[in-house]
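Novice: Taken in order, these protein sequences are the chains called A and B. 5 is the number of the first residue of the first sequence in my numbering; add one for each residue after it. 4 is the number of the first residue of the second sequence in my numbering; add one for each residue after it.
Each hint should be verified, as a subset may be incorrect.
What the hints assert, rightly or not - Below, in silico cross-link-like pairs of lysine to any residue (SDA-like), each with a Cα-Cα straight-line distance of 20 Å or less:
id, chain 1, residue 1, chain 2, residue 2
1, A, K69, B, S44
2, A, K206, B, K170
3, B, K170, A, A194
4, B, K170, A, Q201
5, B, K170, A, Y121
6, B, K196, B, L18
7, B, K170, A, F203
8, B, K170, A, T17
9, B, K170, A, K69
10, A, K206, B, G174
11, B, K38, A, K206
12, B, K38, B, F175
13, A, K69, B, F92
14, B, K170, A, K8
15, A, K206, B, Y111
16, B, K38, A, S205
17, A, K69, B, Y111
18, A, K69, B, V85
19, B, K38, B, K196
20, B, K38, A, F203
21, A, K69, B, L84
22, A, K8, A, A194
23, A, K206, B, K7
24, A, K69, B, L89
25, B, K170, A, T199
26, A, K69, B, C168
27, A, K206, B, P169
28, B, K196, A, L204
29, B, K162, A, Q24
30, A, K206, B, L89
31, B, K38, A, A194
32, B, K38, A, L26
33, B, K170, A, Q24
34, A, K69, B, L114
35, A, K69, B, I93
36, A, K69, B, A171
37, A, K69, B, Q91
38, A, K69, B, L155
39, A, K69, B, S88
40, A, K206, B, A171
By construction, these hints were calculated from the structure, which means they are not laboratory data.
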Amino acid sequence: MNFKQQFKEGLLTQNPVTVQLLGMCSVMAITTSFFNGIGMGLSVLVILTLSNIFIAALRKIIPNKIRIACFIVVIATFVTVVDLILQAFVPALAESLGVFIPLIVVNCIILGRAEGYSSKNGVVASAIDGICQGLGYTVILIVMCVVRELLGAGKFGGGILNGGEGVELFSNHFAALGMALPVGGFLTLACVIATMQYFLSKPKKSEKKEEVAK
Amino acid sequence: MDFKELFTIAMGAILINNFIFSQFLGICPFMGVSKSTDTASGMGLAVTFVMGLASAVCWPINHFILEPNGLVFMQTIVYILVIASLVQFIEMFLQKSMPSLYTALGVYLPLITTNCAVLGVVLQNTQNGYGFVSSVVYGVTGGIGFLLAIYLFAAVREKLEFSECPKAFEGFPLALVTAGLLALSFMGFSGLKIFG
């Protein structure tokens, strides 16, 4: 299996959030602090990898007609496990993510990968796919968190650094409070996706040279 | 059941804590099915119906089966199965009795299963400890809030089709900016206080 290719697809060319446009509810809802972003990203990464492995292993047993229901049961099981683990060991994170942890069940990324990838490929390839796609999701979450926290409160690393307060980069008198509110979620995601579209639509250097040669 | 309390729940769900614009639940169908006002209103109505019904069905299941047996940790799995089978039943029912509505909704009907607004409303009913009537009211009005949001958004998006914008923002990012501006206007309701 081509690990490099899958890694590049997960992070850039087939990024689950910015290119496939999946799972946007959680991306906009929970990216208000750095801690939330990392916690949510890692939870999805773990659930996605585990469910990918299981579905790939069971892909020959699951009847085609009721496959969606079977996928959802597998996913819901792992989501419940992760939910209980978070409540037990990181209660602060479980509280601030709230209803969005159980809602990972209906996160389109996980169901989309189950339907589109792991129900057709082997266990190892599906596991790698889960890790790469999960990383792509986590990276976008972290970018969104950093931008929104910086512009909305003038801080960096809220929830982890400096005893949970975050490092203050500039006084919050100058901060745009709107960026921390729902509006900021929509606008930040729009800019992130626009940036990705800009760089992905640019022709690559080698292609440019070919054009010149012609 | 106190009328005042129900009214507060209803107004909260439609305007103040709108499912799309302040809670970010159900963004996928909101973005996917909002290219024209016809399909948007069809989707909104279907979601409203499923949200009301799911709230009505999940409350007794939680109250009479899960809670007395100490199975509250199974909530997520049970709820999603109930919603999936509910959507399947509605699909079969519509196919038999109202084929015209069935063809109009088309592929959007099964998609409601993975709409996070439906699972979200059921989970919130449980978290907030709502009674049966409050749960149903919250479900239906939450759906109406969704219908309002998706209809307004589709109406704006129809006009945007022919407008010029920077190339990188074409398509999806432009729709997100529009949604952001709508969310900004809905923020105006957040100061609204009902009954003091």
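Novice: Sort out whether K69 of chain A lies within 20 Å of K170 of chain B, counting only the CA atoms.
Specialist: violated (42 Å)
Novice: Would you mind confirming whether the straight-line C-alpha gap from K69 of chain A to I93 of chain B stays at or under 20 Å?
Specialist: Holds, at roughly 18 Å.
Novice: Would the hint linking K206 of chain A and K7 of chain B be met if the CA-CA limit is 20 Å?
Specialist: violated (57 Å)
Novice: Can the restraint linking K196 of chain B and L204 of chain A be considered satisfied, given a maximum Cα separation of 20 Å?
Specialist: Cα-Cα ~47 Å, so violated.
Novice: Does the alpha-carbon distance linking K69 of chain A and L114 of chain B stay inside the 20 Å limit?
Specialist: holds (16 Å)
Novice: Is the Cα-Cα distance between K69 of chain A and A171 of chain B 20 Å or less?
Specialist: violated (40 Å)
Novice: Does the structure keep K206 of chain A and A171 of chain B at a Cα separation of 20 Å or less?
Specialist: holds (10 Å)
Novice: Verify the proposed pairing of K8 of chain A with A194 of chain A, using a straight-line Cα cut of 20 Å.
Specialist: violated (28 Å)
Novice: Does K38 of chain B pair with K206 of chain A here, judged by a C-alpha cut-off of 20 Å?
Specialist: violated (27 Å)
Novice: Take the C-alpha atoms of K69 of chain A and Q91 of chain B, compute the straight-line distance between them, and say whether it is at most 20 Å.
Specialist: holds (13 Å)
Novice: K38 of chain B and S205 of chain A: Cα distance at most 20 Å?
Specialist: Outside the cut-off at roughly 24 Å; violated.
Novice: Can you confirm whether the C-alpha distance between K38 of chain B and K196 of chain B stays at or below 20 Å?
Specialist: With a Cα-Cα distance of about 34 Å, the restraint between K38 of chain B and K196 of chain B is violated, given a limit of 20 Å.
Taken one by one, the earlier hints fail for this structure at numbers 1, 5, 9, 11, 14, 15, 16, 19, 20, 22, 23, 26, 28, 29, 30, 36, 38, listed in ascending order.
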